[in-house]
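Undergrad: Now for the letters of each chain:
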Amino acid sequence: MKARHLFVGLACAALLGAAALTGVAQAQDKIFVPLFTYRTGPFANSGIPIANGMHDYLTMLNERDGGIGGVKLDVEECETGYDTKKGVECWESIKDKHPTVVNPFSTGITLQLIPKAAVDKIPILSMAYGLSASAVGKDFPWVFNPPATYWDGMSMIIRYIAGKEGGFAKLKGKKIGFIYLDAGYGREPIPLLKDLAKDYGFDVKLYPVAGKEMQDQSSQWLSVRRDRPNWMIMWGWGAMNPTAVKRAAENGYPMDHFIGVWWSGSDDDARGGGTQAKGYLALNFSGLGSNYPAIQDIKKYVVDKGKSQVEKDKFADTFYNRGVFNTAMVAEAIRNAQKITGKKVVDGADVRKGLETLNMTAARWKELGFPDFGTAIHVTCDDHNGHSPAYMQQWDGKEWHRVSDWIEPMKDKVMPLLDAAAADYVKKNAGWPKRSEACAKLP
Amino acid sequence: MHMLYMIFIDPFMQMAQAPDLFAQTLWDGLVAGVLYALIALGFVLIFKASGVFNFAQGIMVVFAALTLVGLHDAGLNAFLALALTIGVMFILAFTVERAVLRPLVNQPDIILFMATFGITYVLIGFGEYVFGGDPKVMPTDAFYLPKGAITYHTLGGMVQFQKLDIAAAIVASIMVAGLAVFFSKTRIGRALRAVADSHEAALSVGISLEQIWVIVWFAAGLVALVTGIFWGARSDVSFALEVIALKALPVLILGGFTSVPGAIVGGLIIGLGEKLFEFYWGPLMGGGTDAWFAYVIALVFLLFRPQGLFGEKIIERI
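Protein sequences, first through last, are from chains A and B.
Letter by letter, the first sequence follows residues 242 to 684 in the numbering used here.
Letter by letter, the second sequence follows residues 863 to 1180 in the numbering used here.
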């Protein structure tokens, strides 16, 4: 009997060992790219197109090029539901699989993961969201938030408004309303908005929207009617966006004076408002439509072959392309990491170096099959953001159109505040490690 | 002194100076209140019949609305889709009774409450599997739901009534009144009250517990469908609708878990209270008070009437 138990035990151990070895072997001949996504929950309407875009671009690279540098990508989604706790669980579940980079796609999740990044040696790419101060490379060597911070975004919007009003001097005495999701994400740009209000003499009105009020907002828009702001700015997400666009239209707010940040400008956000939403504006830093060779390749190698979850009529919509933009940066960072380390299969520590040398010029975007698709990105050892410009898009009742040139952020205003905020973060988090990582350089 | 002025004088000055905005706030509060009452009613019906707080009511709203839009998007005529959705809600009620409630008869209330968590997650998973997580647009035209607004230039300004809100208020009022009459004046309604008082006593006089539960869950499903149609038309149809069920909690605390009139009055008090407070006192606190003020009203009522406005006072003699 004992011998039988011993035999069974040995057999099980052998099986487990074989499985573990197979896992390592798989991990060693593929580059692991986890995708933190949310296809479920209250924010799924924003999360689904981004998830599809990210997944499909990486799948296209596997199908068309056999991966990156001859190594296949192992793409695995982890559903967060935009829930911070689940996001941390996702991190814990993938951290031992040699992940190259984590894209949390939630400011709340990003804030929780920032302290873990240096410990687990996994870089975080929070593309134009998360903690603005994490752009400071000397304090946050493992966190990257290109192409622009929320503070850059706010400064671009104020610059655009000033342009429409006839100059910054004309902002004096104006009233600017700010409607935002009452969470870490929505509150992030308020310090800069208040600073700019002091500098240019305009008045700020804040309209917070709690998560469970996202689909109502009648109080907020009645307050807008009372306060009569000259311009409205929105930092919304999920169901908040289409509802706000609807309420603004219902209340007769002039839509061409209502501007959303880049996360409030998806097709679904504006579509809900119908023709009444015509004129609504939003920032964008990625391309519109499918008229790019790389996007056509996604269609050819992924969508048409049934390897995508995207609905046909939502292919290449605004947030789908945003997801593509995100993974185009990831792919470029992996290429850089391969060049820097000379390794084919790279891990998080390698890709951190790749991200720190990210330099996606207009020419490079074109080479990748995205001519005039994305804003230029230049990340350095000190600047993990790039503070790239964005453009304004406008809804014509059916689709978005680009209506401005690239709008530069007010770096002179943003950078000192970022440095101060980073220093403050380090001070408040006693024992925050000093940067020990050398600055990466491309050979 | 300034703060006292801003709290006790300024809001009333604003009401007097801009009566159009005051009227608009009252209307918005009224509409919100009726819609909250509708959500609360779904909870009350099930609580009355089984003593269970139905955690799944929010997801039932989503499920009903998604089924309706999904069937319509599949090419069905709007009213055929509506009829089929009603059928689906009946099947859901029947399934819940057979698969969840019947095996748990005579179990403690907490067990049944936890079972409604299970129903919630099954419906989320099933809904996402069938309909996906993408938001859907409620086909308001197909259901002849009115669009646009009626605007009166009056009271020194403008008061605007969204036609959809008027329709929602009318339909919700009819539904609430109809259900109140049905459950208080009909044989089934009396049976429901008997079941609510005591399962054993109801069984002993020949009332079918299973039948009552199916009827009540079906009624709650219909309420969820109407709620989903109007909330979905005001925003969009997505899983985000689930969170609006949270708005019913203070209404239930205020109105009592067992009272249909309580759900109505509670809904109106909460709706009006939170809108007025947010508009006139909210700016003093940085806005966003409608996320929590309803709970303050409910807690104040709890201090004086723990059973709610219309809830039955429970006296237990030892």
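By construction, these hints were calculated from the structure, which means they are not laboratory data.
Hints are supplied without guarantee of correctness; some may be wrong.
Claimed, not checked - When the alpha-carbon atoms are kept at most 25 Å apart in a straight line, the in silico SDA-like pairs for lysine to any residue are as follows:
1) A:Lys639 <-> B:Ile986
2) A:Lys338 <-> A:Lys639
3) A:Lys555 <-> B:Lys1025
4) A:Lys326 <-> B:Lys1025
5) A:Lys326 <-> B:Gln1022
6) B:Lys1009 <-> A:Asp497
7) A:Lys639 <-> B:Pro1001
8) A:Lys446 <-> B:Asp882
9) A:Lys453 <-> B:Ala880
10) A:Lys639 <-> B:Phe993
11) B:Lys1025 <-> A:Asn492
12) A:Lys548 <-> B:Ala880
13) A:Lys675 <-> A:Lys553
14) A:Lys415 <-> B:Lys1009
15) A:Lys446 <-> B:Met1147
Bear in mind that the values here come from a model prediction, so they are computed numbers and not experimental data.
Undergrad: Of the hints stated earlier, which fail here?
TA: 1, 2, 3, 4, 5, 9, 12, 13, 14
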